[in-house]
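Protein chains in written order, with the numbering used here: chain A, 164 to 325; chain B, 192 to 339.
Treat the hints with caution; some may be incorrect.
Stated by the list, open to error - Only pairs whose alpha carbons sit at most 30 Å apart, straight line, appear in this in silico BS3-like list of lysine-lysine:
| # | chain 1 | residue 1 | chain 2 | residue 2 |
| --- | --- | --- | --- | --- |
| 1 | A | Lys-305 | A | Lys-192 |
| 2 | A | Lys-297 | B | Lys-200 |
| 3 | A | Lys-277 | A | Lys-297 |
| 4 | A | Lys-277 | A | Lys-246 |
| 5 | A | Lys-192 | B | Lys-196 |
| 6 | A | Lys-246 | A | Lys-192 |
Hints listed in this document are in silico derivations from the structure and should not be mistaken for laboratory results.
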Amino acid sequence: MFRSLSVALMLVLAFPWSVAYGEARSELKLWVVEARSVEREATRFDIGLDAIHRVLSGLPHNDYRNVSTETHAFNDQEVTRIKLTSDYTLEMNTPVAGEDGRFRVRLRILTQSKEPPRKEIEALSTELLLRPDKQVLVRGLKLKGEGELVLVLALSVSDDAS
Amino acid sequence: MITCKWTSKVERLLDGESQEQEAVQAHLADCTLCASHQRTLLQVRAALGAEPEVPVLSDNQFPAFMEGIQAEVSRSRQRPGGMWALMSLSAAALVIAIATFSIFTGPGPVKANEVESVSTQLNDATVHWDNSDDGVTTIWISIAEDDV
């Protein structure tokens, strides 16, 4: 009787602990935006950019076009390449969970060099410690014509069991 | 079957109840039948005396006897299983302590985003980063006007 109770108690108490320290799966939400400044009073946001209005409103533009919105679930040990525009490609490794609750991510934005011989170069290479659900905004890359490329990234995490 | 009228007297003699011990003793010296009967009785009594004595419970001892049984039964019910129970309880207590510690201390507050390294291979470009008050990290690639 006492033995059964003890074992049951251990299992019950060990369950939340195992969940808390279990493997987590990460998912990236990515907004690719073309930001421009046009002669207009009001700021215009494309449909699909609602979730990032606040982040974009800090930029010196008044026209935001939703180029694409993606959600990517990472598998183990993979490098993900996402075509952003005809000029830029995003490359990202699978986020690795750290002990402090943040995720280590290596992120590169690749483009072709301007000078011949044209080769792939890093428009941006960065290593980040990302807090889940806190956004990262990458800006400054020029687009053909006018405007700049704006990326907004947000990492979300779910338990493996779910 | 040949019998002797003195056999009952011989039995009373052996039981210590005879009133005429000398006469019976004199008869035993003359009567082979009674002498044989006496030997048989002595052998039977000797055999019975070798058996362990069975305790006899008197009526006034019976309530104490039942109380003893009840006390022993209730004591064995209360005994939780000795060493096994002690070890199980110790293990359960340890798990409770660890789980409580994990639940109430937790992994601590999660820090803000951090840019560990940043670089660009674009000509005439620099990269800066900062964190806003609401936790949004901005990485800004600043490129000269004539460079795409």
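Taken at face value, is the distance from the CA of B:Lys-200 to the CA of A:Lys-297 at most 30 Å?
-> Answer violated: A:Lys-297 to B:Lys-200 is near 118 Å, above 30 Å.
Restraint status (C-alpha distance of A:Lys-192 to B:Lys-196 at most 30 Å) = Roughly 124 Å separates the two Cα atoms, so the pair is violated.
Between A:Lys-305 and A:Lys-192, is the straight-line Cα distance small enough, at 30 Å or below?
-> At roughly 22 Å apart (the allowed maximum being 30 Å), A:Lys-192 and A:Lys-305 satisfy the hint.
Within a Cα-Cα threshold of 30 Å, do A:Lys-277 and A:Lys-246 meet the stated pairing?
-> Roughly 19 Å separates the two Cα atoms, so the pair holds.
Can the restraint linking A:Lys-277 and A:Lys-297 be considered satisfied, given a maximum Cα separation of 30 Å?
-> Given that 30 Å is the threshold and the Cα spacing comes to 34 Å, the pair is violated.
Do the alpha carbons of A:Lys-246 and A:Lys-192 lie within 30 Å of each other, as the hint requires?
-> 14 Å, holds
Hint check: violations occur at hints 2, 3 and 5; the rest are consistent with the structure.
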